[in-house]
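Trainee: Sequence:
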Amino acid sequence: MAALRYPVRAKALPCVTGIQMRPKGRPPPEHKFRAGERVTLVGRVTNYDAAGGGYVVTKRLPERNGEFEYRIKNISEPHERVARESDLVRE
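Taken in order, the sequence shown gives residues 653 to 743; the numbers are from this note's numbering.
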């Protein structure tokens, strides 16, 4: 096995931007909805293709940019969606 002439450099990890961290000493916020709860997706420009009617929260997701996200499912759609807490209201 031949010795390497030049040191091997590790590649830099990609920088994640747009994620805000909560200041230390502040209590962690609570999720507004829980898994199994029925919610309505509030109409927004980005949700124009969303199915009407209610959704069920299938999973709570971590906080992102200071707001919780949820995985939601409508019975008439074969897939799940990810929605921000501000886009959901209780039924």
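There's no promise every hint is true.
Stated by the list, open to error - With a cut-off of at most 20 Å between alpha-carbon atoms, the simulated PhoX-like pairs for lysine-lysine come out as follows: (1) 711 / 676; (2) 711 / 725; (3) 684 / 725.
Everything labelled a hint here was simulated from the structure, so no lab data went into it.
Source: prediction; values computed, not measured.
Trainee: Now tell me, hint by hint, if it's right for this structure.
Mentor: These are the hints, each one checked on the structure:
For the hint linking residue 711 to residue 676, the alpha-carbon distance of about 26 Å lies beyond 20 Å, and the restraint is violated. For a cut-off of 20 Å, the pair hint linking residue 711 to residue 725 stands: about 10 Å separates their Cα positions. Of the supplied pair hints, the one linking residue 684 and residue 725 holds, its CA atoms being roughly 17 Å apart against a limit of 20 Å.
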